[in-house]
Structure formats: structure tokens, C-alpha cells
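Fit chains B and C to the supplied structure of chain A, relying on the hints for placement.
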Amino acid sequence: MGENTIVPSIVVYVTVPNREAGRKLAESIIKEKLAACVNIVPGIESLYRWQGEIHQDSEELLIIKTREPLLEALTEHVRANHEYEVPEVIALPIKGGSLKYLEWLKNSTRD
Amino acid sequence: MGENTIVPSIVVYVTVPNREAGRKLAESIIKEKLAACVNIVPGIESLYRWQGEIHQDSEELLIIKTREPLLEALTEHVRANHEYEVPEVIALPIKGGSLKYLEWLKNSTRD
Amino acid sequence: MGENTIVPSIVVYVTVPNREAGRKLAESIIKEKLAACVNIVPGIESLYRWQGEIHQDSEELLIIKTREPLLEALTEHVRANHEYEVPEVIALPIKGGSLKYLEWLKNSTRD
Numbered sequence: 001m002g003e004n005t006i007v008p009s010i011v012v013y014v015t016v017p018n019r020e021a022g023r024k025l026a027e028s029i030i031k032e033k034l035a036a037c038v039n040i041v042p043g044i045e046s047l048y049r050w051q052g053e054i055h056q057d058s059e060e061l062l063i064i065k066t067r068e069p070l071l072e073a074l075t076e077h078v079r080a081n082h083e084y085e086v087p088e089v090i091a092l093p094i095k096g097g098s099l100k101y102l103e104w105l106k107n108s109t110r111d
Numbered sequence: 001m002g003e004n005t006i007v008p009s010i011v012v013y014v015t016v017p018n019r020e021a022g023r024k025l026a027e028s029i030i031k032e033k034l035a036a037c038v039n040i041v042p043g044i045e046s047l048y049r050w051q052g053e054i055h056q057d058s059e060e061l062l063i064i065k066t067r068e069p070l071l072e073a074l075t076e077h078v079r080a081n082h083e084y085e086v087p088e089v090i091a092l093p094i095k096g097g098s099l100k101y102l103e104w105l106k107n108s109t110r111d
Numbered sequence: 001m002g003e004n005t006i007v008p009s010i011v012v013y014v015t016v017p018n019r020e021a022g023r024k025l026a027e028s029i030i031k032e033k034l035a036a037c038v039n040i041v042p043g044i045e046s047l048y049r050w051q052g053e054i055h056q057d058s059e060e061l062l063i064i065k066t067r068e069p070l071l072e073a074l075t076e077h078v079r080a081n082h083e084y085e086v087p088e089v090i091a092l093p094i095k096g097g098s099l100k101y102l103e104w105l106k107n108s109t110r111d
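Protein chains in written order, with the numbering used here: chain A, 1 to 111; chain B, 1 to 111; chain C, 1 to 111.
Rather than coming from a laboratory, the hints here were simulated on the basis of the structure.
Just to be clear, a hint being listed does not mean it is correct.
Just so you know, same-sequence chains aren't split out, so a pair can sit in one copy or run between any two.
To be verified - In silico DSS-like pairs for lysine-lysine, Cα to Cα no more than 30 angstroms straight-line:
| hint | residue 1 | residue 2 |
| --- | --- | --- |
| 1 | Lys106 | Lys31 |
| 2 | Lys33 | Lys100 |
| 3 | Lys100 | Lys31 |
In isolation and in its complexed conformation, chain A is listed as follows (with noise of 0.2 angstroms):
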């Protein structure tokens, strides 16, 4: 199989209000090298709980692929850059796959 080249990865979701602010966002982390891809999941709808209360609204999700080691920085760039007072950013951990895919995931993405 080789020596593994690969850096641990992870998914991260982040929800967006509409599409033109997630595909502004999603053209600024990959910019920033901070992943090396973003699908926009569209026609999404959102129930949660804010301020003691449920509340029902339309959003898109942002699935964003990208090394472990740049979560914070992630994290940071889309705190600046998201409309809501608290952005959804919860990483999952890649535990494998094709392996030339996630050479080419480390090599679109800053060290």
C-alpha cells in the first residue's frame, strides 16, 4: 500500500442562511487553501431550539473537506465571515478511503 502520505482529515458541516452567502463563503475557504472542497447541500430546512424557543427556518449546509490540523483556523475564518451570532462548525474525523483522493485533499490545502 505504500507509506501513508496522507494527513488525518475531517468533514466539517456548516450551515448557511441562503446560497448566495454559502457559495461567498465557500469561494473564500477554498481561496484560503483552508479545504479543498465544498458541496452546497440547497433546499434545506432547519428546526431548532433558540432562546427557549423552536423555531423553523430554510438553510443550505456546507459539507467541507479539509486536513484536521487547519479546524481552527476554519473555524475562525468562518466565525468572520457568517451572519448568525453562532455558526454551526462540527467536524467529523475521515477514517479512510481513496487514498489518492486525500493525497490531492493535502495537497489542495495550506500546510
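Below, chains B and C alone, put in the same frame as chain A:
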């Protein structure tokens, strides 16, 4: 970074047959404080094997964000409020992200 | 709770250029018992870096549920049946959920 005040958290996938069933289940989950937030992803096409045959159905996907210790109660709640004989309930570990978000998740869910 | 009869399981993400390609790949994966279930998520907009340029494409996302030991065979199957040079195949660990569902997942996949 301050004392880690968050709790082990998870993303849980549950598929449902349609929007109405999805919304009803999501609302009950939030009301019971079994999760802080539920995203409903529309227009899913599902292919699966059931009793030896390959089936193709339209579904919606609930992406549920909650505390890990609530997984068993959430699984039981889904089982009791879902029309499928064996509903999908699978949990993915959240390994980090925005501490403010994870704090909000903790405060929006039961102990 | 009875003896844990389930196997380590994973959620695998694979992106595809369109519904036709997604359906064909999903059917072949289920037929080969390389997974128990595939959800196709429509209308994805993907932004990514390829050979130094930022690209924006329409895609669909396959969310595949299978056993962890099948990841290598699934990755090879995707590589051999996908039009991309480097298709995305990334695995997220399932850490719990409905035992009945996970039992069904095990029985719907190859050993």
C-alpha cells in the same frame, strides 16, 4: 482555550418517507430536548436491499445534532415514532468545531 | 442488550457528476452487496481547486452505508466505475445507533 465545557456530541442520520413525517419527527425530537437542531435534506433517492430484492424509494434525510449520551433515548424515540419496521438511526462522532456552537448544543439538550 | 452481533460500520461519501451516473453506480454497489443502502442527494453545487484553478460544478452526493472491512473493495469498485480521474471516496465511522438497523446492514452486505 479555557476549560473544555462541552460534552461528547454526535451527528445522527435518520431517513424518513416524506417531508410531513420528517417534520413531525423533527419537531418531537426538539420538543423533547433530545437534540438541539435537525436539518431536513429533501429529494433523497434511496437504493437498498430488503428481503433479497433491490428497492428504490424517495426519502428525506434528517441530520440530527445532539449529545452522545442521548443516543439511546433518541433511538428509542425514533423507533416509537417512525412508520418503518427498522428505521435507520446511525451516529457519527463530532470530534471538534466551534466551542460556542457545541456549548449551545449542550444547553439546548437534556442532561 | 444481548451480545453485540453488529460489525464496525461506516458512512462513505462519493460525489458523482449527475443522477444517471449516481443511480448506475449505486445499483452496482447494492447488487455486489458492497453496501446495504445508498442515498442519492440531489442538486449539489461543488467548489474545489483543481490544477491551481477554482472550479464550480453541479454534482450529486452518494451517502453509502456499509461495513468497514468492505471499504477497500468499495473504493476499488468506485474507481473502476467512475468517470472522474480521482473520485472522492471518504469514510466516516459509525459509532452507534439502532442495533436492529446495524444488524440489517450487516446481513445485507458481503462477508
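Verification of the hints:
no., hint, in the structure
1, Lys106 <-> Lys31, "within (15 angstroms within a copy, 33 angstroms between copies)"
2, Lys33 <-> Lys100, "both (18 angstroms within a copy, 24 angstroms between copies)"
3, Lys100 <-> Lys31, "both (22 angstroms within a copy, 26 angstroms between copies)"
Going down the numbered hints, you'll see the structure goes against none, and every one checks out.
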